[in-house]
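From first to last, the protein sequence lines stand for chains A and B.
Just so you know, we're using our numbering here: the first sequence kicks off at 1 and counts up by one.
Just so you know, we're using our numbering here: the second sequence kicks off at 1001 and counts up by one.
Simulated from the structure, these hints should not be mistaken for lab results.
Any given hint could be a false lead.
Claimed, not checked - Simulated restraints, written as ranges between beta carbons of each label pair:
# : chain 1 : residue 1 : chain 2 : residue 2 : range
1 : B       : K1003     : A       : L330      : 36 to 44 Å
2 : A       : L683      : B       : K1003     : 55 to 63 Å
3 : A       : L574      : B       : K1003     : 37 to 45 Å
4 : B       : K1003     : A       : P219      : 27 to 35 Å
The beta carbon of each residue, even a glycine, is placed where N, CA and C say it ideally should be.
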Amino acid sequence: MTQIPANGRPSTAQARSTMLDMAVRPLTVALAGQPNVGKSTIFNMLTGLNQHVGNWPGKTVEQKTGQYRHNEVLVNLVDLPGTYSLTANSDEERIAREYIIHQQPDVVVAVVNAAVLERSLYLLAELLALPATVVLALNMVDVAVQEGVQIEPHVLEAALGIPVVPMSAAKAQGVRRLAEVVDALAHGQISYQPDVPTIRADHRAILETIQDAIEAHVPHPYHPSWVALKLLEGDNEVTQMMQTHLPPERWQRVHHILRQHEDAILDIAGARYEWIQRMMRAAVVRPRAGQVTVTERLDRIATHPVWGMGVLLIVLGVVFWLTYTLGAPLQEWLDAALIHAAAEWLRTALAGATGWLSSLLVDGVLAGAGLMVTFLPILVIFFTALAILEDTGYMARAAYVMDRFMHVMGLHGKSFLPLCLGFGCNVPAVMGTRIIESRRARLLTIFLAPLVPCTARMSVIAVLAPIFFGAQALLVTWGLLALNLITLAVLGIGMHRFLLKGEQVAFIMELPLYHVPNARTIAISVWQNLVAFLRKAGTVILAMAVVIWALSSFPGPDIAHSVVGYVGQALAPLGRLMGLEWPMIVALLTSFVAKENTIPTLGIIYGTGEHGQALSQVLSGALTPASALALLAVQMLFVPCVGTVAAIRQESGSWRWTALSVGLLLFVSLLVGIVIYQGARLLGWGV
Amino acid sequence: MLKQLLKHIAEGGTWTTESLAQALNTTPELVTAMLEDLTRRGYLKAVGDACSGACASCSLAGHCVASNAGRDTSKRAWTLNSQSTL
């Protein structure tokens, strides 16, 4: 390993020799740094009102210049655009490096965020390769201290070989010291011997060969060593410049070498990260006690391949148990106390009105959309549990464990990321398949997405499972979830084994630290989710309830002689194979508009409020365990909602694929319903 | 170091910044810095861009790791860019 010479940079001796000259002429200082490291704050603190804002010549990037005086010396301060590196990927990076190379400021102040020093030091590594005298402004040290990061500025200074000024510009701390150090450095009063990042030995020789080949042709004021390095890094702008300046024959030779070493870019950048690691190890201690240790300890279990899955199952079990134990009785109470009472009141109040109006409001709006309001306790518990899991930081672990589990099942590749989104809603799951480049893989993932049980389907199960199965609801819910995941896994494994062989794609996640949940954050999250639900209940579900009421009321006189009745009775033979009466089939059909519609439809058809019975009491007596199991299984696997179907059409760009997807899910759900009912009957659950 | 990181990622599977840091004998913070760098260079891409907008109707959008990528700095995820080669 060797050092890349920082040629062109004035040595300490040279700097001292120009000291007298410098004492009388103004200094030029440039502020460099990543975005959001407090560069502008430092600029404002130093220049006050003596600043000018314009644009960099020929660019739309803002240019800020200003002046201040220190020890009677006028300092022209230039705020360079915020950049992560100096590799000419953007206008900002081009401006920053061209300014330093062409204008050669007396000092460059590299502003870094002390709390995330690893991210900030890369730019410093690049600055040190330029012919510039650099001072490190270690900003936000107060934030670093708050986060438990201990930095030894003197050790860092010794390791870097350049002056380091700890500061907190937002609190006006360290700004005066920075001005002093800049002045002293410009006048050669401070030792300046930077430790510059090195590159690997195998590329060192190549670098020297390139440097020799271009040396005589590098235009002023560029330095051959920097140009050679940038060529090896594949910098487009420098490559074009040298192609113009080198004789064609020489360029061909250089170009040939560069093509043979295209991988050097990663080695050069990688060496800079090794340099950063060395500096960090020398001068920075990150907290190893308290929060981090708790996180590490918990993650040993929560992200473990086996125990992590166990923890996830227990956590989900507790969420469902809480939902059923606390939510279901509240829902029943609201159903009886609110909906029933409101229905009675409406019937009395509308006694003199036309019959259809009373029926519309009581049997349609109240029994349908009004019933949805009684779900609020269940949803409050469900969303609160999710918000707590999220705010503690566990949700990211759950996603990590699920992702690994899906890998184990054989669902390799990018397809499982959109599938994970499906647990929230199938629409983004289908839309999320855009990250898959291969059209075949994308279509097959679109095919699988509706099999992931979304929250809408889960909330229907959360209401119906305790009605039908009482204390056994938790076990039934587990079984239904397992059924969906097994169906998905069987299709997924088959798909990836036979159609998407060998596709291996990585997924990297940043896991947040565990936190004590914040009540306000949780309350806001629950509120936002409830408002979204109520908005849906007040629009799509209300409209659907009115439509279902109309279709179940006309032509009449009773539901058996309505449009819904005729459709349901036509499908009755199919329903009988699953032990389901025709109203259940109609309820399943209306879930095509929105999954939640199953419940208001049942409410309208079974007439909530009549004979003083709540819907739960009516339904619990309407189905045998075998039929109820079949109904819930079909509900879980049934044709996706219209929003998802529209997303499938949009993403697949094909009506044929859309029809095939809907058809397959219809077939699979009915087949599973029939198998479950017939199997359960054989087990004696048909009574 | 950057090359080693990409090699680990290219093996496939699910990684956290902690597990990658352990594999490279470095800190998760430095791994994050390198992941951001590889993203800027086009080797990786941040997950979640594709589903922005599609999550509007999702009740779990606020809790989703993927859809929050890039918006919430405490929850970020990346995947290998198919164009990237070692």
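Taking the hints in turn, this is what the structure says about them:
Separated by about 58 Å at the C-beta atoms, K1003 (chain B) and L330 (chain A) break the suggested range of 36 to 44 Å. For the pair L683 (chain A) and K1003 (chain B), the supplied restraint of 55 to 63 Å holds, since their beta-carbon distance comes to about 59 Å. Range check, L574 (chain A) to K1003 (chain B): Cβ separation about 60 Å, and the 37 to 45 Å hint is violated. Roughly 32 Å separates the CB atoms of K1003 (chain B) and P219 (chain A), a value that falls within the hinted 27 to 35 Å.
In summary, the structure is inconsistent with hints 1, 3 from the numbered list given earlier, while agreeing with the others.
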